[in-house]
Amino acid sequence: MGDLDFIKVKHLHIDYDILDLDLLNKVLQEETSFQWCISCGCCTASCSAGNHTTFNVRRISLLLRRGEIESLEKELEKCMLCGKCTLVCPRDIQLRNVVMSIKKNILKYKMSSL
Amino acid sequence: MKKIAVIGGGVAGLEVSKQLLEANIPVTLIEQSSKIGGNIKNYAYLFPDFYNAEELLNSYHYLITDPNLQLLLNTEVAKIDFSKKTYNILTKDGISVPADAIVIATGYNTFDARLKEEFGYGIYENVITSVQLEQMFKNKEIKTPSGKIPERIGFIHCVGSRDAKVGNTYCSRLCCVTAIKQAIETKKFLPSAEIFCFYIDLRMYGLLFEDLYLSAQRDYNIQFVRGRLSEASEMLDKRILIKVEDTLIGKPLQMSADMIVLMVGMEASDFSKQFKYHNGLEVNEHGFFNPINPHNLRNLTSKDGIFLAGTAIGPMSVGETLDHARGTALSVLSFINAN
Ligand SMILES: Cc1cc2nc3c(=O)[nH]c(=O)nc-3n(C[C@H](O)[C@H](O)[C@H](O)COP(=O)(O)OP(=O)(O)OC[C@H]3O[C@@H](n4cnc5c(N)ncnc54)[C@H](O)[C@@H]3O)c2cc1C
Ligand code: SF4
Ligand code: SF4
Ligand code: SF4
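From first to last, the protein sequence lines stand for chains A and B.
This note's numbering applies: residue 1 is where the first sequence begins, and numbers increase by one.
This note's numbering applies: residue 1 is where the second sequence begins, and numbers increase by one.
Watch out, some of these pointers could steer you wrong.
Claimed, not checked - Just a few of them, taken from the derived set where beta-carbon distance is under 7 Å, the chain A residues facing chain B:
{"id": "1", "residue": "Cys40"}
{"id": "2", "residue": "Gly41"}
{"id": "3", "residue": "Asn56"}
{"id": "4", "residue": "Arg59"}
{"id": "5", "residue": "Leu62"}
{"id": "6", "residue": "Gly67"}
{"id": "7", "residue": "Gly83"}
{"id": "8", "residue": "Pro90"}
{"id": "9", "residue": "Arg91"}
{"id": "10", "residue": "Asp92"}
By construction, these hints were calculated from the structure, which means they are not laboratory data.
Virtual Cβ for every residue (Gly too), placed ideally from N, Cα, C.
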């Protein structure tokens, strides 16, 4: 089957065995409530940024869970930190804290690798 | 002879009474409203087979004339005095009913949808609850308050359930299949209407429930959108604007509808909620009565002679309620025999 290995192009599927979950674990440590998201979409539906741009806060937090972190930093620039997502969340998740925690940890990571 | 009282004349209380009367045990049945039947007297047809709720209740009417039944209608139980061996049931009007064994069958309340202000119930006229829709089925007419036949209707799942913002974190279990039942029923009334269900998870836990879901798609063209309602607003023409995320596509979705139906959850009765704040009987964090355990002691409380039946312990369908109530009647019979 070795010949067919090229089909496993990165990003076409999620390979859970090689995921980098470092960032996720740091965020979970700082904002535990992120653990119990049920992907209901209320946050995205009411998100100030999401209604005017392609920003999707629920999806971004899902990408973080699946280790798809390359585009996160740029995407998160769109968040206005207004807190509406937190207001409508039925699981009482402090999503704004999650956004801030991702930003902060990406920055820390960049500083340390300078 | 032991004195047996049943509090609550819904299907649970009726079934316990029926079983005890058949065993020649006299029963005092106490109901706060002016009629027996409980919540289902306000509903039209029952899932999963569209059985007529009225027909089911009629099968209990013969009990009313049973000389062994003392039926106290319009009698709300305020509390139970547990201090003596023979318990004392105290009503709001100051009557006291002594009893050696008490079956608590006080059922459930539906969630007060006004508490979800962002959904506009009580503010926008075209936002109604699943209970109001049952009334429309009973009246055989589905119309908006302004007299319009709705062309597009949205069913909103999980209203007042699975929602930390209103303090109810549990799932009410039956509202998913109730939404499917009501969507089908609505389509039978209004074959050309477009119908959408907005859900987070579809909990088709009963054997025949998934069949009903399939039938909703296959035979009635009911559409399903995976996303929980975030906000509803009223448009100039009084129609309702629904805001959700279509989570499977990953984009915010807006839709106008002539009417939205809020699938209100089941909450503990006022009678059981009071025990959150004073002693006597155990209730769980959601305010429902706690049986000793949820397995083989599902009908018993930690107090000797105090039994539980039906949705007083949590959301159940009618069939499950009746099964539970029969188990409770058996427990009461063994209590009588042992004493
Ligand atoms: C919108 C909706 C639709 C539903 N549709 C279906 C369906 O299609 N099929 C199905 O199987 N199930 C359905 N159900 C569930 C069904 O309603 C319940 O299974 C059933 O009503 C439970 O009966 P119960 O006797 O336990 O409680 P209840 O029906 O709530 O009866 C409790 C009784 O106790 C009385 N009571 C309460 N407190 C006191 C007090 N302090 N003193 C005296 N009396 C008191 C109340 O007045 C009431 O009469 C539906 C539920 C909802 C919310
Ligand atoms: S509203 Fe809360 S539970 Fe729903 S997707 Fe957003 S963060 Fe998750
Ligand atoms: S805080 Fe950010 S993610 Fe949350 S609603 Fe506002 S813009 Fe959207
Ligand atoms: S049964 Fe369905 S609609 Fe009702 S609370 Fe559970 S998931 Fe929500």
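Evaluated hints:
The beta carbon of cysteine 40(A) is positioned within 7 Å of a beta carbon in chain B (closest approach about 4 Å), and the interface hint is therefore held. Restraint check, glycine 41(A) versus chain B: the minimum CB separation of about 3 Å is within 7 Å; hint holds. Because the closest C-beta pair between asparagine 56(A) and chain B is about 6 Å apart, less than 7 Å, the hint holds. Against a cut-off of 7 Å between C-beta atoms, the interface hint on arginine 59(A) holds, since the closest Cβ of chain B lies about 5 Å away.
Hint status for leucine 62(A) relative to chain B: violated, with the closest Cβ pair at about 9 Å, above 7 Å. Interface hint at glycine 67(A): violated, since its Cβ lies 18 Å from the closest Cβ of chain B, which is beyond the 7 Å cut-off. Hint on glycine 83(A) is violated. Least Cβ distance to chain B is approximately 14 Å, over the 7 Å limit. The interface hint given for proline 90(A) is met, as the beta carbon of that residue sits about 4 Å from the closest beta carbon of chain B, less than 7 Å.
Hint status for arginine 91(A): holds, given a least beta-carbon distance of 6 Å to chain B, under 7 Å. The criterion of a C-beta within 7 Å of any C-beta in chain B is met by aspartate 92(A), whose closest approach is roughly 4 Å, and the hint holds.
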